[in-house]
Amino acid sequence: MPQGGINKGELPLEAAKRELFEETGLKNVSFIKDSSKWLKYDFPREILLKKKNKGQKQKWHLFHFSGKN
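Residue numbering for the sequence shown follows the UniProt record's numbering, starting at 1 and increasing by one per position.
What the hints contain is simulated information worked out from the structure, not anything from laboratory work. Errors might be hidden in some of the hints.
Derived pair list, reagent style BS3-like, types lysine-lysine, alpha-carbon separation capped at 27 Å [said to hold, decoys possible]:
| id | residue 1 | residue 2 |
| --- | --- | --- |
| 1 | Lys68 | Lys33 |
| 2 | Lys17 | Lys50 |
| 3 | Lys40 | Lys68 |
Restraint-style ranges between C-beta atoms, simulated for each label pair [unchecked claim]:
| id | residue 1 | residue 2 | range |
| --- | --- | --- | --- |
| 4 | Lys68 | Ile32 | 27 to 37 Å |
| 5 | Pro44 | Gly67 | 37 to 47 Å |
| 6 | Ile6 | Lys33 | 13 to 23 Å |
| 7 | Lys68 | Phe31 | 29 to 39 Å |
| 8 | Gly5 | Leu26 | 15 to 25 Å |
| 9 | Leu39 | His64 | 15 to 25 Å |
| 10 | Leu49 | Asn28 | 38 to 48 Å |
| 11 | Ile32 | Ile6 | 15 to 25 Å |
Heads up, the beta-carbon is just placed ideally off N, CA and C, and yes, glycines get one too.
Working from the sequences, and respecting the hints, build out all of it.
What follows is the structure, given as structure tokens:
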């Protein structure tokens, strides 16, 4: 599943389309639906010791691919 951050001034849907293209090269997609809420989680303690972030929050987006391949 493509993922990445949201750039300053970018909407979550714009970021999802950009990340999808950057990681897969897909452009012929149409938006279907997104998760209505942000999904949040904290990293386990053993991972926290190795990372600078406490966890993540994500919003999932569903697209329909209308290309040939």
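Right, here's what the structure says about each hint:
1. For the hint pairing Lys68 with Lys33, the CA-to-CA distance comes to about 22 Å; that is within 27 Å, so the pair holds.
2. Restraint check: the Cα-Cα separation between Lys17 and Lys50 comes to about 30 Å, which exceeds 27 Å; the hinted pair is violated.
3. Proximity of Lys40 to Lys68 is assessed by CA-CA distance (about 35 Å); at most 27 Å being required, the pair is judged violated.
4. In this structure the supplied range 27 to 37 Å is violated for Lys68 paired with Ile32, their Cβ-Cβ distance being about 19 Å.
5. Look at Pro44 against Gly67: about 39 Å separates their beta carbons, and that is inside 37 to 47 Å.
6. One distance hint, 13 to 23 Å for the beta-carbon pair Ile6 and Lys33, holds here, with the actual separation near 18 Å.
7. In this structure, Lys68 and Phe31 break the distance hint of 29 to 39 Å, their C-beta atoms being roughly 20 Å apart.
8. At about 19 Å, the beta-carbon gap between Gly5 and Leu26 stays in the expected band of 15 to 25 Å.
9. Here the CB-CB span from Leu39 to His64 is close to 22 Å, well matched to the stated 15 to 25 Å.
10. At about 43 Å, the beta-carbon gap between Leu49 and Asn28 stays in the expected band of 38 to 48 Å.
11. A C-beta distance of roughly 20 Å is found between Ile32 and Ile6, which places it inside the suggested range of 15 to 25 Å.
In this structure, the earlier hints numbered 2, 3, 4, 7 are contradicted, and the remaining ones agree with it.
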